[in-house]
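Letter by letter, the chains look like this.
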Amino acid sequence: MTLEQRALLEKEETRKIKILAALACRFRIEMFDILHAKQTGHWGGASSACEILTALYFHRLCLDPKNPDWEDRDRFILSKGHASLLLYTVLAYRGFFEPEILASFRDIDSTLQGHPYMNKTPGVDMSTGALGHGISVGVGIALAARLLKKSYHSYVMVGEGCLNEGQSWEAILSAAKYKPEGLTLMVDYNGVQLDGPSKDIMPLEPLADKFKAFGWNILDEVYDGNDMKAVFQSFRELDRIVGWPKVVLYHTVKGKGVSFMEGRNTWHGAPIDDSSYAAGRPELAAFFEQALAEVM
Amino acid sequence: MGETMRDAFGKYLAKLGNYRDDLVVLDADVSSSTKSSYFAKAFPDRFFNVGVAESNMVDIAGGLATASLRPVVNAFAIFLSLKATDQIRNVLAYNRLPVVLVGAYGGLSDSFDGASHQSLEDIAIMRSIPGLEVLIPADSSEALRALEYALEQDCPVYIRLNRNQVPDLEARSDDQPMTRIRALRSGRDVTIAASGICVSIALKAAEILADYGISAEVLNVASIKPLDISTLSASVARTARLVTAEEHSIVGGLGSACAEALSEKGIAFRLHRIGVRDCYTESGPYDILLAKYGISVDEIVRQASALIS
Numbered sequence: 001m002t003l004e005q006r007a008l009l010e011k012e013e014t015r016k017i018k019i020l021a022a023l024a025c026r027f028r029i030e031m032f033d034i035l036h037a038k039q040t041g042h043w044g045g046a047s048s049a050c051e052i053l054t055a056l057y058f059h060r061l062c063l064d065p066k067n068p069d070w071e072d073r074d075r076f077i078l079s080k081g082h083a084s085l086l087l088y089t090v091l092a093y094r095g096f097f098e099p100e101i102l103a104s105f106r107d108i109d110s111t112l113q114g115h116p117y118m119n120k121t122p123g124v125d126m127s128t129g130a131l132g133h134g135i136s137v138g139v140g141i142a143l144a145a146r147l148l149k150k151s152y153h154s155y156v157m158v159g160e161g162c163l164n165e166g167q168s169w170e171a172i173l174s175a176a177k178y179k180p181e182g183l184t185l186m187v188d189y190n191g192v193q194l195d196g197p198s199k200d201i202m203p204l205e206p207l208a209d210k211f212k213a214f215g216w217n218i219l220d221e222v223y224d225g226n227d228m229k230a231v232f233q234s235f236r237e238l239d240r241i242v243g244w245p246k247v248v249l250y251h252t253v254k255g256k257g258v259s260f261m262e263g264r265n266t267w268h269g270a271p272i273d274d275s276s277y278a279a280g281r282p283e284l285a286a287f288f289e290q291a292l293a294e295v296m
Numbered sequence: 297m298g299e300t301m302r303d304a305f306g307k308y309l310a311k312l313g314n315y316r317d318d319l320v321v322l323d324a325d326v327s328s329s330t331k332s333s334y335f336a337k338a339f340p341d342r343f344f345n346v347g348v349a350e351s352n353m354v355d356i357a358g359g360l361a362t363a364s365l366r367p368v369v370n371a372f373a374i375f376l377s378l379k380a381t382d383q384i385r386n387v388l389a390y391n392r393l394p395v396v397l398v399g400a401y402g403g404l405s406d407s408f409d410g411a412s413h414q415s416l417e418d419i420a421i422m423r424s425i426p427g428l429e430v431l432i433p434a435d436s437s438e439a440l441r442a443l444e445y446a447l448e449q450d451c452p453v454y455i456r457l458n459r460n461q462v463p464d465l466e467a468r469s470d471d472q473p474m475t476r477i478r479a480l481r482s483g484r485d486v487t488i489a490a491s492g493i494c495v496s497i498a499l500k501a502a503e504i505l506a507d508y509g510i511s512a513e514v515l516n517v518a519s520i521k522p523l524d525i526s527t528l529s530a531s532v533a534r535t536a537r538l539v540t541a542e543e544h545s546i547v548g549g550l551g552s553a554c555a556e557a558l559s560e561k562g563i564a565f566r567l568h569r570i571g572v573r574d575c576y577t578e579s580g581p582y583d584i585l586l587a588k589y590g591i592s593v594d595e596i597v598r599q600a601s602a603l604i605s
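If you read the protein sequences in the order shown, they are chains A and B. Heads up: the first sequence begins at 1 in the working numbering, then just goes up one per residue. Heads up: the second sequence begins at 297 in the working numbering, then just goes up one per residue.
If you're looking for bench data, these hints aren't it; they were derived computationally from the structure. We put the beta carbon where it would ideally sit given N, CA and C, even for glycine. Possibly wrong hints are sitting among the right ones.
Label-pair distances were calculated between CB atoms; the ranges are [unchecked claim]:
| hint | chain 1 | residue 1 | chain 2 | residue 2 | range |
| --- | --- | --- | --- | --- | --- |
| 1 | B | K500 | A | D72 | 33 to 41 Å |
| 2 | B | F408 | A | G215 | 36 to 44 Å |
| 3 | A | L194 | B | G427 | 27 to 35 Å |
Chain B residues, not near chain A, derived (Cβ > 10 Å throughout) [said to hold, decoys possible]:
| hint | residue |
| --- | --- |
| 4 | S329 |
| 5 | G358 |
| 6 | T362 |
| 7 | S364 |
| 8 | D382 |
| 9 | A479 |
| 10 | R484 |
| 11 | A536 |
| 12 | S559 |
Put together the whole structure using the sequences plus the hints.
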């Protein structure tokens with residue numbers, strides 16, 4: 001590759017990063033509106049993982065929205081299923097279903113259940129909600145690729161709550177045993193769970209050391225999961241390191257984008273009341289305008 | 297009486313591996329007990345021993361099933377039903393993933409290991425999960441039929457096996473579907489609906505009852521879910537008396553299933569449920585243990601006679 005070509009590629013990627021950063025900001029507004037309108041759903045963990053899922057679905061996963069069950073597609077398991085609205089928003093704008101359907105989130109007869117349900121929502125690869133299932137299922141899906149001689153990748157996202165569950169550690173052990181090709185775990189490490197700060201509820205530190213000790217290939221750096229550029233860097237690093245399974249930790253902010261909600265466990269799943277909505281939405285709008293200005 | 301049910305099942309599973317490339321088998325460090333070891337030896341690439349981690353095992357199987365593989369999961373019935381309930385419900389059944397769950401050492405059949413290893417609630421638990429079928433083969437040949445049946449379904453199926461040798465019954469013919477109740481003996485005075493090892497016990501009881509002039513109909517209920525209500529209700533509508541016999545708690549198993557179905561049908565009948573009567577069991581030789589906890593020929597004879605008197 002010539003220097004000129006490389007420079008061109010970098011320029012294209014820089015532009016894509018800016019576009020996706022703006023898209024993530026736009027998704028936050030969409031989610032905030034829906035959660036307020038519905039008075040049910042989980043803002044904190046949806047907001048914290050917004051850049052990572054946007055980057056996955058618009059930059060990394062090999063998918064065909066017109067053929068959601070395509071057997072060679074990459075898989076994504078949102079083990080922290082309470083961030084369902086984020087997954088739905090990303091899937092809708094990626095083309096799996098009409099974005100208008102998002103307004104039916106959690107309604108009777110809706111295809112968008114409170115937590116992801118693979119048999120109702122196109123693009124959902126595994127139903128989740130009860131915490132702790134994702135890594136195990138991911139191991140199974142990745143092992144299936146080995147047996148069927150397929151080259152799809154399997155991504156699993158967990159939060160701290162998932163890593164509180166004993167099953168996750170059974171799965172982490174078994175992934176180290178079988179080393180399934182294509183299995184990548186992403187930790188949305190926002191530091192807060194339903195009842196309070198994770199360090200008070202159930203400390204996970206030293207988390208990176210735990211993964212190392214369990215035999216996983218972990219990225220040395222902990223990335224800022226709310227910075228699109230850093231998320232792209234983490235993807236490059238994931239491609240660079242050799243050996244499976246892989247894990248990457250992302251520091252994120254729970255409730256990201258609304259100052260008075262950030263890092264507050266109250267906003268794990270509390271309904272967004274009118275005054276909080278009125279105060280919070282302009283903040284999200286400002287972030288979006290700013291991100292958009294960077295694209296232009 | 298031939299080889300143990302688990303040996304017959306394990307060998308057959310390995311045999312099926314020759315014909316089905318999509319068959320994958322998982323075990324939780326008990327393959328030499330469940331006899332999935334036969335498959336492991338024949339097809340090491342398609343066998344996953346995940347260690348003593350039933351929950352993880354069931355979800356790995358779920359993941360494999362999403363990619364059109366056909367996993368068969370093996371563990372002790374008690375640990376599968378108690379340690380992997382969430383996984384069976386929320387991953388397998390909710391998503392309708394066709395995984396075969398094989399509960400080894402069902403009922404009291406792990407007799408010497410004691411109450412911690414005896415599975416007396418598994419049927420109640422499995423039966424309450426929507427979209428999960430529940431089978432209890434009565435002998436080795438029916439266990440093989442159950443496996444064939446389960447592998448043809450597009451939903452998860454739980455098959456509860458016995459650890460030990462069980463008497464061979466008259467083989468189920470091809471026109472007798474797995475989910476149909478089989479009448480192994482016809483009678484007019486009392487219906488004995490039994491499952492698993494209790495079927496052969498019930499047949500012996502029926503012979504003794506005949507000596508007393510009591511005509512007992514013996515039904516083999518190999519499928520607890522779906523339950524063949526029409527065959528059951530036709531029998532009980534005639535006899536008006538039902539003894540259920542199961543190697544399980546009387547709470548939530550075969551007896552409960554029959555009572556619920558027949559009551560809703562509006563059939564008037566007298567009922568006695570043979571099974572472990574809501575208590576913890578203990579170690580001991582299998583036959584003696586069954587008898588101590590009320591699962592015996594004598595107990596069926598006694599209770600059937602009592603319903604008639």
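Against the structure, the hints come out as follows:
1. Here the CB-CB span from K500(B) to D72(A) is close to 57 Å, at odds with the stated 33 to 41 Å.
2. Between F408(B) and G215(A) the Cβ separation comes to about 37 Å, which falls inside the hinted range of 36 to 44 Å.
3. Between L194(A) and G427(B), the C-beta spacing of about 29 Å keeps the proposed range 27 to 35 Å intact.
4. Listed as outside the interface, S329(B) is consistent with that label: its C-beta sits roughly 20 Å from the nearest C-beta of chain A, beyond the 10 Å cut-off.
5. With a least beta-carbon separation of about 6 Å from chain A, G358(B) fails to lie farther than 10 Å from that chain, contradicting its non-interface assignment.
6. Residue placement check: T362(B) does not keep its beta carbon more than 10 Å from all beta carbons of chain A (closest about 6 Å).
7. Its beta-carbon lying about 7 Å from the closest one in chain A, S364(B) breaks the requirement of being farther than 10 Å from that chain.
8. Consistency note on D382(B): stated as away from chain A, yet its beta-carbon is not over 10 Å from all of that chain's, at 6 Å minimum.
9. No beta-carbon of chain A is positioned within 10 Å of the beta-carbon of A479(B); the least distance is around 38 Å.
10. With a closest Cβ-Cβ approach of about 47 Å to chain A, R484(B) is found to remain outside the 10 Å limit, as its non-interface label requires.
11. Its beta-carbon lying about 43 Å from the closest one in chain A, A536(B) satisfies the requirement of being farther than 10 Å from that chain.
12. With a closest Cβ-Cβ approach of about 32 Å to chain A, S559(B) is found to remain outside the 10 Å limit, as its non-interface label requires.
Checked against the numbered hints above, the structure breaks hints 1, 5, 6, 7, 8 and satisfies the rest.
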